[in-house]
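Q: These are the residues of each chain, in order.
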Amino acid sequence: MNDKAWLALEDGTVYTGRACGAAGETGGEFVFNTAMTGYQEILTDSSYAGQCVVMTYPLIGNYGITLADNESQRPRLSGFVVREMCKTPSNYESVQPVGDFLKKHGIVGIEEIDTRALTLKLREKGALRGIISTLDGDKKRLVAKAKALPSMAGQNLAKVVTCDKEYSWEEGYKPAEKTLHVVVIDFGVKHGILRCLAAMGCKVTVVPASTNAERIFKLKPDGVLLSNGPGDPEPVTDAIETIKHLLAERTPIFGICLGHQLLGIALGGKTYKLKFGHHGSNHPVKDLETEKIEITSQNHGFCVDLKTLPSTVKTTHINLNDGTSEGMAHSELPAFSVQYHPEASAGPHDSRYLFEHFRALMVARQEARSR
Amino acid sequence: MPKRSDLKKILVVGSGSIVIGQGCEFDYSGTQGIKALREEGYEVCLINSNPATIMTDPELADRTYIEPLTPEYLEKVIAIERPQAILPTLGGQTALNLTVSAAEKGILKKYNVEIIGARLETIRKAEDRQIFKQCMQKIGIDLPRSIVVTDESDLKSVSRELGFPIIVRASFTLGGTGGGIAYHYDELRTRVHAAFEMSPVKKVLLEESVLGWKEYELEVMRDCKDNFVVVCTIENLDPMGVHTGDSITVAPAQTLSDRQYQEMREDAKRIISEVGVETGGCNIQFAVHPQTGRRIVVEINPRVSRSSALASKATGFPIARLAAKLAVGYSLDEMTNDITKATLACFEPAIDYVVVKAPRFATEKFGEFTLDTAMKSVGEAMAIGRTFKEALQKSLRGLESGKKGLSGAEPMDPETRLQKVATPTSSRLYHVKSALDEGLTVERIHEVSKIDPWFLNQLKDISDFEKSLAAMPLDAENLFAAKRMGFSDAQIALAKGVKEEKIRAKRWALKVRPSYKLVDTCAGEFPSTTPYFYSTYEETGDLIPSKAGKKVVILGSGPNRIGQGIEFDYCCVQASKALRAHGWQSVMVNCNPETVSTDYDSSDRLYFEPLTLEDTLEIIAVEKPMGVIVQFGGQTPLNLAVQLENAGVPILGTLPAAIDMAEDRRLFGAALKKLKILSPESGIAASADQALKIARRIGYPVMVRPSYVLGGRMMEVVYDDPSLVDYVGRALKAATHPSLLIDRFLADATEVDVDAICDGKDVWVAGIMEHIEEAGIHSGDSACTLPPHSLSPSVLLTIRENTRKLALHLKVRGLMNVQYAVKDGAVYILEANPRASRTVPFVSKATGLPIARIATWVMMGKPLKKLLAPAVLRGEVEPPYTATKEAVMPFIKFPGVDPKLGPEMKSTGEVMGLDSDFPRSFAKSQEAAGMLLPTSGSVFVSVRDEDKAQIVPMARSLRQLGFTLVATRSTADFLTRHGLDTTRVAKVGEGKPDVVDLMKQRTLSLVINTPSGKRSRADGYAIRRTALELNIPCITNLHSAGAAVHAISVLQGASMGVKSLQAHYETLPYKVDLGAKG
Ligand SMILES: Nc1ncnc2c1ncn2[C@@H]1O[C@H](COP(=O)(O)OP(=O)(O)O)[C@@H](O)[C@H]1O
Ligand SMILES: Nc1ncnc2c1ncn2[C@@H]1O[C@H](COP(=O)(O)OP(=O)(O)O)[C@@H](O)[C@H]1O
Ligand SMILES: [Mg+2]
Ligand SMILES: [Mg+2]
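Taken in order, these protein sequences are the chains called A and B. To convert, note that position 80 of the first sequence is 135 in my numbering; the numbers rise steadily by one, no gaps. To convert, note that position 568 of the second sequence is 908 in my numbering; the numbers rise steadily by one, no gaps.
None of these hints come from the bench; they were simulated from the model. Mixed in with the good hints there might be a few duds.
Claimed, not checked - So the derived label-pair ranges between C-beta atoms look like this:
(1) B:E412 / A:Y147: 48 to 56 angstroms
(2) B:A987 / A:Y147: 49 to 57 angstroms
(3) B:K807 / A:A231: 56 to 64 angstroms
(4) A:A208 / B:R485: 56 to 64 angstroms
(5) B:S808 / A:A78: 20 to 28 angstroms
What the hints assert, rightly or not - Stretch-level coverage of chain B by chain A, calculated; a stretch enters the list once three of its residues show a Cβ under 8 angstroms from a Cβ in chain A:
(6) 584 to 598
(7) 630 to 638
(8) 685 to 697
(9) 789 to 795
(10) 859 to 868
What the hints assert, rightly or not - Result set (SDA-like, lysine to any residue): computed pairs, CA atoms no more than 20 angstroms apart in a straight line:
(11) A:K347 / B:R610
(12) B:K565 / A:I373
(13) B:K565 / A:E346
(14) A:K229 / A:H412
(15) A:K347 / B:M675
(16) B:K681 / A:D377
(17) B:K836 / B:G748
(18) A:K330 / B:T683
(19) A:K180 / B:T869
(20) A:K347 / B:E674
(21) B:K565 / A:H404
(22) A:K347 / B:S613
(23) B:K790 / B:T710
(24) B:K851 / A:T71
(25) A:K180 / B:T680
(26) B:K681 / A:I373
(27) B:K565 / A:E344
(28) B:K565 / A:N374
(29) B:K343 / A:E346
(30) A:K347 / B:T683
(31) A:K142 / B:F805
(32) A:K180 / B:P867
(33) A:K330 / B:T680
(34) A:K180 / B:L883
(35) A:K142 / B:D804
(36) A:K347 / B:G616
(37) A:K330 / B:P867
(38) B:K565 / A:Y408
(39) B:K744 / B:S766
(40) A:K142 / B:D801
Don't be surprised by glycine CBs; every beta carbon is placed ideally from N, CA and C.
Kindly produce the complete structure, drawing on both the sequences and the hints.
A: Given below as structure tokens:
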């Protein structure tokens, strides 16, 4: 085999596999994802910036890459690890094999890896830094490189993946009785979120992460959505300031994932890093109000510590697997957020009702204003 | 919501006999369900006619009724037990139908019994295709267009509307009879005509064909709080048009993008809430157009199913157990995930492996059929691997159909090959492999077969690798690569032209060994402590270490097949129970997803693996057990015994040499001579000349068979020289060993089955069963009764004595089954098998004694004297009631096959009738088997000349019982001459109306037709086949006819009662409670 590739972790483990994406060397924090479908959405989810994703489902690429399932302009993750990459995909929507897609975007991929063994290691030790290389087979050197990588904590990755300038989103727009204008602050927003808003009849304006409140108010939004995004929320300080202003004006706010964490901080709370995070599309979450369970799509390494929040913020959703908080709402302000992904992509559509909830908040606010 | 406290007692309905389409998956689900309900403190009673099930073991339910699954019997059970609720969703279509008809008859209302698990309304919505269609249209779900026709006149316009091909479904026929696919107008007319003749309600559904579309199944659960989860998605390799039960299926779905899948999931959610499934599991089938993605729903089953058993085994998510808990009011978030113990049951399993299920067909019995919309396979093997290629090859070798993995079919010209690839049959996959080997492109194969290119490319990878294997050096890297594609040592050996052992030795030397990984429901996200493993070739495994103490490996019986079914799984589960009762650890190995044995609950450690030498040796190498039990899993583990022993594996119980002695004709013959045990005269021939010589010496008729065959394959009774020469020609062509066994055929003899246990000192004859059908009809297809009803004390004594001598001589440790034939007071031995037999569960249920458990303890070194009371050991006591077993046949599924019995076994399952005496228990067994003996009407009699004299008294009895007699010329004349009024009817082809017409008009209520021994007559076939298709009871041998006449007289008298097993056992003259430890 001359297409060999290597994977080395900071704890000294080295696996040998085969290249299945671009040639080169890459590094990042290794996380696993347990979704059995939706690799394209994962590949193009900006929240994975700086991370190497290990897919626990062994056969990846079976239905190729489609035109309608990208979650951003291009893949942002650092590397991709699979057991077996399919070279001959089959699906009526497929336009190219995943390997070609990775090569085109310069993403290093490795296959023939015992992804279960790797996953168990990440479960035991927590997310680890590591290197994937198609160039260097020297194990010692690779491990040293892995150790030298910066940690995820403290990095403002949203700054890296956010859009350069404002734009409006129209894909998937379906006219509704009442048109609402939503400003989405892009920390690495998934297109799935934008599609959900458009499908609800919203006019959507996406703004860069650093946009200040003044600019946002100028856009006269009916509501603001704080998007998902990669990494640690704490260094994203300018956005936290913006959110505080929005809250002060009673702007309806919906936070998702990183947006949820930022809202939490803006409301006075703290965040912490989970051992290996939640990455998958089968996490049961309970809506404490209706007692109903949703099967949710998740992708986060940090979490809001509810104990640190003022009593005006109440927990609305919890994760049934580990009891962590998954959602909160302010009892006086029109602001709520969830840690998981109601837009799903990839994952079940059980939580899409949250967009309707957001819509209701915006309508109520509009009516209150016109009164 | 907490469990319901208004319910105290719940009646669970089983699924009855194993038939095609309803296998042992319902024993698995029923067993889980009953355990779950009792765990919650409910009193549980059970009705199920099938004694070969774990669920009917007396300790499982509080009260167990082995009674026919008819509304009448159900009502009797309800009247005694007065349960508050009935749970029908664990017993397949049978339980659902029975419960619906009990509801319609007002029985449930009368006794105030609530249906739990699914509401009546829900069952109707799901089962009635027309109502279902309306529901789906209401919520905007697409389904195939369809039209119901009630007469044959407007077929032209209907066919214009639907377009050919058209799927024909007859309403309310048995097992989809009368249904099928019509490709053009003439075929449509014929099929609809046939369907009308078969359908009692004269209603036929014509449906738009979606042949060639992709087929998917979703296994879902929903609770009373509207929580909904998809447990598993399944994709069929064979596209629409091949029944899912006959398809190779894969979990999870492979070729749907997340968006496409989530849309399907949303549909499923809407369908299930519209139909109203709110307390249990449900199976939804979809078809997806491969080019446009149009998605339609095919059907839904509001109950657990074969696929849900598969899904449970594939994911570790116990659907039936949870379904039972949902039925009593729990919601999904109130229950924990049994496997992780840390997370909740309300989640969707994530798996990090691929699961493949392959169907097992009865080709050796019924030939090869084109597969269509009616299921034909009799069993299945499932395999788990880290790639599709690995899982597929493992599943194929798990089938035990002679293939060592994905191998090719026989050579043929390209045109025929293409034909074989285009037509779905049980061997199509092998032809596809050959076609790939021969260079046919994936595109071309897809074009003709409609199999998705994804699968074909996977098969091509295997084909390509195999081709390059021949030239590859066998170093560690290449062996590892081969193993990761699922190649068995045997396959590699074949490609390399060397012996399998050599490959294995090399592989072991190079340390290329499997690793074992866990089935943990969560793809490794959470720790799991449930030792449920599969093998794969990877960097590392995650084997959970075993506890200290003695450990025993039990080898299971693999996929169900005719001759080796649920009975053996029953024995394996019992063995595991017996070991665990003593704190010994049981390690189960099996690959049949339907079974109780592959429930992670049934053993201490479970390996879901094929039962080949290679796979078992690897498990034994990591488990290092004190011994291996091979006697419970039927022929499968027995075939491995010698090789395992040679590899140094300790075999528990009877040693392989003894097994060999019983199977080798010459050795066995010598032993019989020494022990002075009588056997039919016999000889061994290698040519027609030799055969003729032997036949003349012992006299016709003779029983002939190739040596080294199983399940009575190719066994025939031959009556004269020309037939013998003809047989020898055919047999020598088919056989691998050029030798034939020729025995004197004991005509008109009574066959007897004996199950015994020997500990080396004592022999316990656990059960003596007298067959109803005469010898010559395979023991597996015969009805039999315990205790025997007509054998003399001296015959019984000889049987006991011979069994004892033989068991001691063969040095049996554990079980032995012996078959005898009694003719004119002489007892001949037919064969002996030193292993668990098909009848072990029946004898256990009939006597109340857990035979398989006792045998396990004996194998572990406990003496019989310690385990049994002296009177029981000496065989001095027997039940004061009678148990009759009846076999259930699959003929209806195989168009054109003659439904007659012979020395080759053809049944798929069995039922038991339990009552005070033989005629009653026989009558019950017939009802349980679906043979609805009439109490009035006309009986058609047509018997061969040899039987004429004996039929007279039976015919006379029937006249006295008020029946009218109908017969064709010669039988009619004969009966009339003996003073019996008989109506003459034309033979088939002799004029109208003939006997078949009478059947179609339903003027005949019983048929007695004994096939002519020498030549099978065409009209005999037409009579038997028509009776079968119209469900008119048809008896094909005199002994059964006699028993039936008896039974009819009983049925005419007072109505039959019901009694639980537990109540029956109270009347036994011995104690059945052996305690947990024996
Ligand atoms: N309209 C159709 N066109 C083509 N094949 C069909 C159609 N409907 C069903 N089938 C095939 O027949 C099989 C059995 O049909 P199904 O409705 O599932 O009945 P069953 O109750 O026997 O499972 C399916 O698995 C599918 O492969
Ligand atoms: N010599 C014989 N005379 C009459 N019937 C026989 C004789 N030998 C076998 N049979 C019949 O054939 C059946 C199958 O034969 P058996 O030797 O038991 O083979 P198997 O291994 O298939 O059980 C028996 O159950 C019995 O009914
Ligand atoms: Mg079906
Ligand atoms: Mg036999």
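Q: Now look at each hint and say whether the structure bears it out.
A: Against the structure, the hints:
no., hint, result
1, B:E412 / A:Y147: 48 to 56 angstroms, "holds, 53 angstroms"
2, B:A987 / A:Y147: 49 to 57 angstroms, "holds, 51 angstroms"
3, B:K807 / A:A231: 56 to 64 angstroms, "holds, 59 angstroms"
4, A:A208 / B:R485: 56 to 64 angstroms, "holds, 59 angstroms"
5, B:S808 / A:A78: 20 to 28 angstroms, "holds, 25 angstroms"
6, 584 to 598, "holds (count 7)"
7, 630 to 638, "holds (count 4)"
8, 685 to 697, "holds (count 9)"
9, 789 to 795, "holds (count 3)"
10, 859 to 868, "holds (count 6)"
11, A:K347 / B:R610, "holds, 16 angstroms"
12, B:K565 / A:I373, "holds, 17 angstroms"
13, B:K565 / A:E346, "holds, 8 angstroms"
14, A:K229 / A:H412, "holds, 18 angstroms"
15, A:K347 / B:M675, "holds, 15 angstroms"
16, B:K681 / A:D377, "holds, 12 angstroms"
17, B:K836 / B:G748, "holds, 16 angstroms"
18, A:K330 / B:T683, "holds, 17 angstroms"
19, A:K180 / B:T869, "holds, 19 angstroms"
20, A:K347 / B:E674, "holds, 12 angstroms"
21, B:K565 / A:H404, "holds, 18 angstroms"
22, A:K347 / B:S613, "holds, 15 angstroms"
23, B:K790 / B:T710, "holds, 15 angstroms"
24, B:K851 / A:T71, "holds, 18 angstroms"
25, A:K180 / B:T680, "holds, 19 angstroms"
26, B:K681 / A:I373, "holds, 19 angstroms"
27, B:K565 / A:E344, "holds, 13 angstroms"
28, B:K565 / A:N374, "holds, 18 angstroms"
29, B:K343 / A:E346, "holds, 17 angstroms"
30, A:K347 / B:T683, "holds, 17 angstroms"
31, A:K142 / B:F805, "holds, 15 angstroms"
32, A:K180 / B:P867, "holds, 13 angstroms"
33, A:K330 / B:T680, "holds, 18 angstroms"
34, A:K180 / B:L883, "holds, 19 angstroms"
35, A:K142 / B:D804, "holds, 15 angstroms"
36, A:K347 / B:G616, "holds, 17 angstroms"
37, A:K330 / B:P867, "holds, 14 angstroms"
38, B:K565 / A:Y408, "holds, 17 angstroms"
39, B:K744 / B:S766, "holds, 16 angstroms"
40, A:K142 / B:D801, "holds, 11 angstroms"
Checked against the numbered hints given earlier, this structure breaks none of them.
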